[in-house]
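Residue numbers for the sequence shown follow my numbering, so the first one is 189 and each next one is one higher.
Don't take each hint at face value.
Calculated lysine to aspartate or glutamate pairs in the EDC-like style (CA-CA distance at most 16 Å, straight line) [said to hold, decoys possible]:
{"hint": "1", "residue 1": "291", "residue 2": "302"}
{"hint": "2", "residue 1": "364", "residue 2": "441"}
{"hint": "3", "residue 1": "291", "residue 2": "269"}
{"hint": "4", "residue 1": "220", "residue 2": "475"}
{"hint": "5", "residue 1": "465", "residue 2": "382"}
{"hint": "6", "residue 1": "490", "residue 2": "269"}
{"hint": "7", "residue 1": "386", "residue 2": "367"}
In short, the hints are calculated from the structure, not lab data.
Keep in mind it's a predicted model, so treat the numbers as computed, not measured.
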Amino acid sequence: MDSLKVGVLCGGRSSERAVSLRSGRAVAQGLKRAGFRVRRIDPKNPRQTRTLLRQIDLAFIALHGHGGEDGSIQKRLSALEIPYTGSGERGSRLAFHKVEAKKIFDRLKIPTPEWTVVNRKNWKRLAGFPAPFFVKPVADGSSIGVFLVEDFKRSAVKIIHALSCYGELLVERQIKGREFTVGILGRKTLPVIELRPKRSFYDYRSKYTRGMTDYLVPAPIPEAWRRRFQQLAGRVHRALGLRDLSRVDLVTDSKGRPYVLEANTIPGFTELSLLPKAAGEAGISFEGLCRRLVEMAWLREKRNGKA
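Construct the entire structure; sequences and hints are all you get.
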């Protein structure tokens, strides 16, 4: 297996390109330390990408946002019969599209904050939605385009601008409480992490600027909470049909009841990223984490009789 040629897909054209490039660099270094032959591939150049994909045995997907987490690259790699890390096309698409994921949570009675969807025609009905609430793009990551509304009238211009950019928006009631995240690796649920952002909520700046958020690993919570959070993350992972890895974000209310915010199918792999922190707490080094993901993808391909 050490002779595998692994292509680390990173960059792309999404709004999360910069974060993806950082993840890709870190993953490439980790895979090299683990003994693999590695090449970074940036899908921003389609012609070059086609050539490079023919030269690899397996793809490690470190693409965030559109083109990476939305199922499109998974569909392309499947068509080319190139094994790849992470969830398949359908699971990726469901998790990335926040409204579709919310519908599944509601149907399976997975607790999630009250939500609705608005567009350019019906957005004024938000005047009756209980504030404070978050406004989010229906499909995007890294908290890009997310903002908090505490007063509808004062935020109307901002909402109109967001609609002009995205066309449709997810609106989600703010749960004021503690924030947590739970990583899953294969069939293993990783230690719970508590996030304490120094801004009003865990936004893009809080995620990717050193010192803007305190991470408590493992989270200082009762054992009963830990079990409940891990079980809930496992339910979400299975409900969306995910595989290999995911990171489920939660928030608790004043009574300690957890609510699922979203599932991330390709969590960040930067020096500040949460899944590597959780894996480290579980005794898994960064290169060990990268290696496990490659092994899972390769063994899946062998079971399917294609490797």
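Proposed proximity, residue 367 with residue 386 (alpha carbon, max 16 Å)
Answer holds: residue 386 to residue 367 is near 12 Å, not above 16 Å.
For residue 291 and residue 302, compute the direct alpha-carbon distance and say whether it is at most 16 Å.
Within the cut-off at roughly 11 Å; holds.
Would you mind confirming whether the straight-line C-alpha gap from residue 465 to residue 382 stays at or under 16 Å?
OK: residue 465 and residue 382 at ~11 Å, within 16 Å.
Straight-line Cα separation of residue 291 and residue 269 no greater than 16 Å?
Roughly 31 Å separates the two Cα atoms, so the pair is violated.
Do the alpha carbons of residue 364 and residue 441 lie within 16 Å of each other, as the hint requires?
Since the Cα atoms of residue 364 and residue 441 sit roughly 6 Å apart, the hinted pair holds (cutoff 16 Å).
Would you mind confirming whether the straight-line C-alpha gap from residue 490 to residue 269 stays at or under 16 Å?
12 Å, holds
Does residue 220 pair with residue 475 here, judged by a C-alpha cut-off of 16 Å?
8 Å, holds
When the structure is compared with the earlier hints, a violation turns up for hint 3 alone.
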